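Last residue of the sequence shown? That's 84 in my numbering, and every number before it is there in order.
These are computed hints drawn from the structure, not numbers from a lab.
Predicted model only: the values in this text are computed from it and were never measured.
Glycine included, every Cβ here is placed at the ideal spot set by N, Cα and C.
Hints may contain errors.
[Claimed, not checked] Using C-beta positions, here's what the derived DEER-type ranges look like:
hint : residue 1 : residue 2 : range
1    : Thr35     : Lys5      : 14 to 22 Å
2    : Asn20     : Ser74     : 17 to 25 Å
3    : Thr35     : Val8      : 13 to 21 Å
4    : Gly18     : Lys73     : 28 to 36 Å
5    : Gly37     : Leu9      : 29 to 37 Å
[As the list claims (entries may be wrong)] Below, in silico cross-link-like pairs of lysine to any residue (SDA-like), each with a Cα-Cα straight-line distance of 25 Å or less:
hint : residue 1 : residue 2
6    : Lys56     : Ile75
7    : Lys51     : Ala29
8    : Lys63     : Leu9
9    : Lys13     : Glu42
10   : Lys13     : Pro36
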Amino acid sequence: MEWIKTVVLIKTKLSQHGYNDSVSRITEAQMVLGTPGEMYLEVMNELLSIKKQSAKEYKLIEKEIHDLLDYGKSINYFNPTKEL
1 MEWIKTVVLI KTKLSQHGYN DSVSRITEAQ MVLGTPGEMY LEVMNELLSI KKQSAKEYKL
61 IEKEIHDLLD YGKSINYFNP TKEL
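Please build the complete structure, drawing on both the sequences and the hints.
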């Protein structure tokens with residue numbers, strides 16, 4: 001999976017609906033220096049924060065978040081038995 005393309009899609013959807021603050025926070029999370037894995041985890045922290053804080057935003061990007069979570073599970077970044 002090219003997870004960055006999924007993040008770009010998420011940012012596009014959020015931007016089209018006026019959630020520019022969230023787009024900025026996701027972009028900042030992408031700028032974390034280190035490994036691609038560290039960047040992925042920072043982006044996921046931000047996306048899971050959206051899930052907890054804004055049902056309207058989350059609904060727009062729910063599928064993409066789940067795709068990214070499934071990807072994280074497939075490369076052992078997340079424990080599939082834990083609820084996120």
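Comparing the hints with the structure gives:
1. Thr35 x Lys5: 14 to 22 Å: 19 Å, holds
2. Asn20 x Ser74: 17 to 25 Å: Violated: the Cβ-Cβ distance is about 31 Å, outside 17 to 25 Å.
3. Thr35 x Val8: 13 to 21 Å: 20 Å, holds
4. Gly18 x Lys73: 28 to 36 Å: Distance hint for glycine 18, lysine 73 holds at roughly 31 Å.
5. Gly37 x Leu9: 29 to 37 Å: The hint (29 to 37 Å, Cβ to Cβ) is violated, given that glycine 37 and leucine 9 are roughly 20 Å apart.
6. Lys56 x Ile75: Answer violated: lysine 56 to isoleucine 75 is near 29 Å, above 25 Å.
7. Lys51 x Ala29: 16 Å, holds
8. Lys63 x Leu9: Given that 25 Å is the threshold and the Cα spacing comes to 11 Å, the pair holds.
9. Lys13 x Glu42: Cα-Cα ~19 Å, so holds.
10. Lys13 x Pro36: 23 Å, holds
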